Amino acid sequence: EAAVTQSPRSKVAVTGGKVTLSCHQTNNHDYMYWYRQDTGHGLRLIHYSYVADSTEKGDIPDGYKASRPSQENFSLILELASLSQTAVYFCASSAQVANSDYTFGSGTRLLVI
Amino acid sequence: GDSVTQTEGQVTVSESKSLIINCTYSTTSIAYPNLFWYVRYPGEGLQLLLKVITAGQKGSSRGFEATYNKETTSFHLQKASVQESDSAVYYCALGDMGYKLTFGTGTSLLVDP
Numbered sequence: 001e002a003a004v005t006q007s008p009r010s011k012v013a014v015t016g017g018k019v020t021l022s023c024h025q026t027n028n029h030d031y032m033y034w035y036r037q038d039t040g041h042g043l044r045l046i047h048y049s050y051v052a053d054s055t056e057k058g059d060i061p062d063g064y065k066a067s068r069p070s071q072e073n074f075s076l077i078l079e080l081a082s083l084s085q086t087a088v089y090f091c092a093s094s095a096q097v098a099n100s101d102y103t104f105g106s107g108t109r110l111l112v113i
Numbered sequence: 001g002d003s004v005t006q007t008e009g010q011v012t013v014s015e016s017k018s019l020i021i022n023c024t025y026s027t028t029s030i031a032y033p034n035l036f037w038y039v040r041y042p043g044e045g046l047q048l049l050l051k052v053i054t055a056g057q058k059g060s061s062r063g064f065e066a067t068y069n070k071e072t073t074s075f076h077l078q079k080a081s082v083q084e085s086d087s088a089v090y091y092c093a094l095g096d097m098g099y100k101l102t103f104g105t106g107t108s109l110l111v112d113p
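Protein chains in written order, with our numbering: chain A, 1 to 113; chain B, 1 to 113.
Simulated from the structure, these hints should not be mistaken for laboratory data. Nothing here was measured: the structure is a model prediction, and the numbers come from that model. Note that CB positions come from ideal geometry on N, CA and C, so glycine has one too. Among the clues, some could well be false.
Far from chain A by the CB rule (all over 12 Å, computed), these chain B residues [as the list claims (entries may be wrong)]:
hint : residue
1    : Ser3
2    : Val4
3    : Leu48
4    : Gln57
5    : Ser60
6    : Arg62
Derived DSSO-like pairs: lysine-lysine, alpha-carbon spacing no greater than 30 Å straight-line [unchecked claim]:
hint : chain 1 : residue 1 : chain 2 : residue 2
7    : A       : Lys18     : A       : Lys57
8    : A       : Lys57     : B       : Lys51
9    : A       : Lys18     : B       : Lys51
10   : B       : Lys17     : B       : Lys51
11   : B       : Lys100    : A       : Lys57
12   : B       : Lys79     : B       : Lys58
13   : A       : Lys57     : A       : Lys11
14   : A       : Lys65     : B       : Lys58
15   : B       : Lys58     : A       : Lys11
16   : B       : Lys58     : B       : Lys17
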């Protein structure tokens, strides 16, 4: 079954530390996305990618980097984690068709202390 | 830019009663956007509930319905009789003919048994 798998499911990080969130998809989708969700906000797009070895900035990219080493894998990197980056992070994938359905991972809950 | 508004952050409904979750949207696109409802059950990722790509049409799934109203720019989600298993967070989303979806803040539904 096609799926998007995120790891870890949850993480506690210290301020100033480096955090890497990983995402793996078996959907054979070209597009992959990283969203964050905070209470009172909808999902907000951080970075996305439509092809391996290339990433694009979303609406809130500051403080985040992304890496797409293969079609299946897409990572989100927080080089210097800050308290304001405490949130739930969702990875998703979609086909190369406009307004294609997204397939989401189950989320990573990140707490920065 | 695009925006999606869900006015209710949390809704509590007794089992077997009717439900309506409000969603309005705004877009700068000259084309009519595609509209979606996603649902997130506890411990899971978001999954597509229903999608409507044509203004004036109605989408339905699992007893839920939503009608794309371009005059009022609304896409309210309704169900005639909710069940306890419907307890989840519901997200309205808009696609502006590209690959990015814009999400509302989500409405948490609690169904009282």
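Hint check results:
Distance check for Ser3 (chain B) against chain A: the nearest CB is about 9 Å away, which does not clear 12 Å, and the non-interface claim fails. Chain A draws Val4 (chain B) into its interface by the beta-carbon criterion, the shortest separation being 7 Å against a cut-off of 12 Å. With a least beta-carbon separation of about 5 Å from chain A, Leu48 (chain B) fails to lie farther than 12 Å from that chain, contradicting its non-interface assignment. Every beta carbon of chain A lies more than 12 Å from that of Gln57 (chain B), the smallest distance being close to 14 Å; the non-interface claim holds.
Residue placement check: Ser60 (chain B) keeps its beta carbon more than 12 Å from all beta carbons of chain A (closest about 16 Å). Every CB of chain A is more than 12 Å from the CB of Arg62 (chain B) (nearest about 15 Å), matching its label as outside the interface. For the hint linking Lys18 (chain A) to Lys57 (chain A), the alpha-carbon distance of about 20 Å falls within 30 Å, and the restraint holds. Distance hint between Lys57 (chain A) and Lys51 (chain B) is fulfilled; the C-alpha atoms sit about 26 Å from each other, no more than 30 Å.
Taken as a hint, the Lys18 (chain A) and Lys51 (chain B) pair is broken in the structure, with Cα atoms around 38 Å apart against an allowance of 30 Å. For the proposed pair Lys17 (chain B) and Lys51 (chain B), the alpha carbon gap of about 24 Å is at most 30 Å, so the pair holds. At most 30 Å may separate the alpha-carbon atoms for a hinted pair to count; Lys100 (chain B) and Lys57 (chain A) meet this at roughly 12 Å. In summary, the hint linking Lys79 (chain B) to Lys58 (chain B) is supported, as the alpha carbons are separated by about 13 Å, within the 30 Å threshold.
For the given pair, Lys57 (chain A) sits about 24 Å from Lys11 (chain A) by alpha-carbon distance, which is consistent with the 30 Å threshold. At most 30 Å may separate the alpha-carbon atoms for a hinted pair to count; Lys65 (chain A) and Lys58 (chain B) exceed this at roughly 39 Å. Simply put, Lys58 (chain B) and Lys11 (chain A) have alpha-carbon atoms about 41 Å apart, too far for the 30 Å limit, and the pair is violated. Of the pairs offered as hints, the one joining Lys58 (chain B) and Lys17 (chain B) holds, with about 21 Å between alpha carbons and a cut-off of 30 Å not exceeded.
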